[in-house]
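K.L.:
So you can see what is in the structure, the chains are spelled out below.
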Amino acid sequence: MAALATLGLLAAACSSGGSPGGAGNNSGLTASDTGITPTTITIGSHQPLTGIAAPGYSEIAPAANAYFSYVNAHGGIFGRKIDYKYLNDQYNPTMTATVVHQLILQDKVFAIFNGLGTPTHLAVAQFINSEHVPDVFVASGCECWNAPSTLPDTFGWQLDYVREGKILGKYIAQHFKGKKIGFFYQNDEFGQDGVKGLSYEIPKSQIVAKQSYDPTNIKIGPQVAALKAAGAQVVVSFTVPAFTALLKLNMLGLKFAPQLVVSDVGSDPITLAGLLASFAKNKTAGFGNSLTQGIITDNYLPSLGQTSNSWISLFQSIYQQYLAKTIPAFDGNVLYGMSVGYTFVQAMFKAGKNPTRADLIGAINKGLAQGVAVAPFAYSGGDHNGITGAYIGTIKNGVLVPNTGVYVTDDSAAGAITTDSTPQPAAPANGIPSP
Amino acid sequence: MSTSPPGPYPGSSPDEQSRAAALVKESAPPAPPARKLGPFPVPTLARHLGIAVLAAVVLAVASAMIGDYRDYELAEIAAFVVAVAGLTVLIGLSGQISIGNGAFMAVGGYTAALAFLHLQWPLAAILLAATAAAALAGAIFGVAAARLRGPYLAGATLMLAVALPALSTQFQSVLGGDQGLGFYINVPGFLGASFSLSRWQAWFNCAVALLVLVLLANLTRSRVGRNWRALRDDEVAAALAGLNVARLQTVAFIVSASCAGAGGVLLAVWIGTVSTSLFALGLSIQLLTAAVLGGLGSLVGAIWGSAILVIVPTFLANFATSHGMTQAKSSSVPILAYGVVLIVVMVAFPGGIQGGLIRFFNLRRRRPADYHQEERGTT
Chain A
-10 MAALATLGLL
0 AAACSSGGSP
10 GGAGNNSGLT
20 ASDTGITPTT
30 ITIGSHQPLT
40 GIAAPGYSEI
50 APAANAYFSY
60 VNAHGGIFGR
70 KIDYKYLNDQ
80 YNPTMTATVV
90 HQLILQDKVF
100 AIFNGLGTPT
110 HLAVAQFINS
120 EHVPDVFVAS
130 GCECWNAPST
140 LPDTFGWQLD
150 YVREGKILGK
160 YIAQHFKGKK
170 IGFFYQNDEF
180 GQDGVKGLSY
190 EIPKSQIVAK
200 QSYDPTNIKI
210 GPQVAALKAA
220 GAQVVVSFTV
230 PAFTALLKLN
240 MLGLKFAPQL
250 VVSDVGSDPI
260 TLAGLLASFA
270 KNKTAGFGNS
280 LTQGIITDNY
290 LPSLGQTSNS
300 WISLFQSIYQ
310 QYLAKTIPAF
320 DGNVLYGMSV
330 GYTFVQAMFK
340 AGKNPTRADL
350 IGAINKGLAQ
360 GVAVAPFAYS
370 GGDHNGITGA
380 YIGTIKNGVL
390 VPNTGVYVTD
400 DSAAGAITTD
410 STPQPAAPAN
420 GIPSP
Chain B
32 MSTSPPGPYP
42 GSSPDEQSRA
52 AALVKESAPP
62 APPARKLGPF
72 PVPTLARHLG
82 IAVLAAVVLA
92 VASAMIGDYR
102 DYELAEIAAF
112 VVAVAGLTVL
122 IGLSGQISIG
132 NGAFMAVGGY
142 TAALAFLHLQ
152 WPLAAILLAA
162 TAAAALAGAI
172 FGVAAARLRG
182 PYLAGATLML
192 AVALPALSTQ
202 FQSVLGGDQG
212 LGFYINVPGF
222 LGASFSLSRW
232 QAWFNCAVAL
242 LVLVLLANLT
252 RSRVGRNWRA
262 LRDDEVAAAL
272 AGLNVARLQT
282 VAFIVSASCA
292 GAGGVLLAVW
302 IGTVSTSLFA
312 LGLSIQLLTA
322 AVLGGLGSLV
332 GAIWGSAILV
342 IVPTFLANFA
352 TSHGMTQAKS
362 SSVPILAYGV
372 VLIVVMVAFP
382 GGIQGGLIRF
392 FNLRRRRPAD
402 YHQEERGTT
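Protein chains in written order, with our numbering: chain A, -10 to 424; chain B, 32 to 410.
For the record, the hints were derived by calculation from the structure and aren't laboratory data.
Just so you know, even glycine gets a beta-carbon here, dropped at the ideal spot from N, CA and C.
Hints are supplied without guarantee of correctness; some may be wrong.
Listed below are several chain B residues computed to face chain A (Cβ distance under 7 Å; list not exhaustive) [to be verified]:
| id | residue |
| --- | --- |
| 1 | Y100 |
| 2 | T200 |
| 3 | S204 |
| 4 | G208 |
| 5 | Q210 |
| 6 | F214 |
| 7 | Y215 |
| 8 | E266 |
| 9 | I302 |
| 10 | S306 |
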């Protein structure tokens, strides 16, 4: 009902033609750089639309695109419309290289935006930088994107896995004192960075097992058995959603029920519930939610349960207008896609009216205002990490319920973890960042 | 255990012997006289080199005109040509089948990455070392392969394609696991700062491909090539005629593995990374498909097959997207089209594209390489 009401409001706003960004006034707009014309900004991305990482993640690019459509319909960026081309790489680094070459060499995009995945994006980051194309807001929390000297055009966005590991690790060390802890992680920079952060905070004596998986091999039974054999009472998992679901189901099969703590990227309750139901071939209503009940995770965006949050209601209404037909639920991936889209629009406004690629890089290097995230961005000339903090919560009835305030930290071993009590800024009334 | 092959040994019936002798005579004719250009005879090597130089000039000019992305595709095609040419010689000439040449590409690719990352060798040295490593792997496997026939050989090579890339997850610290090893080779300084990376890659890969094609073209027209054809057509007869079947088969495997290794290096340099997904089983199947599509045993066919392999999927995916299909759906279009192309070519031209072209233009060139194919195509 509420959704319908907001939809109605939104439709009214559209038809009244009140476009705040000054649409129709394209005077003075030039083709300032590759991928920019007086009327459009073309950007590209590589996304797992099919394959092992597709469940959940395939919604991210359409969601970002929905936010761009919303911006385009409300005046665009200084009057230019965003044309977002996202190509399928199936989470396969070889395919990533092919599609990114196509985007840069053939489609002549202005920037690569939100390329998804650690192993995939690693295969192309150097190429993108050698072509001096902005490589903004990579959809991966790998520390590798924070390398201003070797990858000057690359910027992370989401909370990096080292920070995330530290924040989760501190919570575990506080709340599960003396318990035996096992790690389950993806065997690449994603999982390894997470384990690095966890190890900074959790006493070595408590860690009884470290098991990893390769995303190409779905048989994780032996690893789960090893965690059980080690007597783990808490299992911390740095996994993509499909492998979080596999982990949970393998645990059920072995009658192994430790406290599960999952990294943000693998813990969206709605995606997980769907995967669990489909893997277990169990269509009973509520089956998936019953299995996600009690999972502890962190989040750097507002929880979907906080319906009074101005960002959640803004994106919910955009979801209703642009996405409800193609994506069944307003879940964490949709929120992620719209949020990162918002940050891009923020950066483009800051880059100026006729921006070059260097202008965009310069704008982000000067720092971006905290938008949709619960903690500030780290962006500066010497730091290309994105969001710097998160809160911890527990999944209850398919919704993440926050347990703590927002923790903020850096990515070093010694860096303190502090509580950030500054309230999150509210979303702009028209849903578009001000220039 | 009744695995002993039919014995091509003294003691076979006189009837069998004369049949064998006749077959050897038919399938391995003496080297044809050198082609004549006007009144002058042109030696084989000179002719192949001439064609290669001409092709190099055309490619160099074309690479400057077709734009960066086409250069990039050209480099990919050239990488595949090298690997497919080796495979088509193995299957079409020596009569052995391999579904595992992707594994030899992996040997080449990983050797190149390791040599680059740990030893910082120049590109040419890397290429030689990696080709040698693949040749060694081919020799080891070839000895075993020489004892296997038909489906058993296919099965063994399939196992190789599945098992070998998995080593990289076993030895993750050295080989990088699923994430692989990234290595980035820059445009050499003497070409100037503004020379595009894609064009340099196209140049390098095409140069290697032309070199490999010249070497293979000469090899297939040499005594070794004739001996391969003899044992392809009738192993018993070839053995009776005094050929060492096992050694010839092993040599064919080494040649094919070396080509795959060199192709693996080119592919790795082109993409800037080696990983398990790059050398997955699908790659081996693609090589086989390209060899069959182009026409088994034909080097020109290897070029056709590789070009189709590279161009058709991207073209169709883009076509489908620009005609309103969603990305998720259009990415399955190439797989579908691939199957259709394969079926159509096999029905219309059983001898592959090159076999079909020869028939179409009625180029009745009675060269040994084409002889067998035409025979097959018309019956």
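K.L.:
For each hint given before, does the structure comply? Return the numbers of the non-compliant ones in rising order.
P.N.:
Structure breaks hints 3, 6 and 8.
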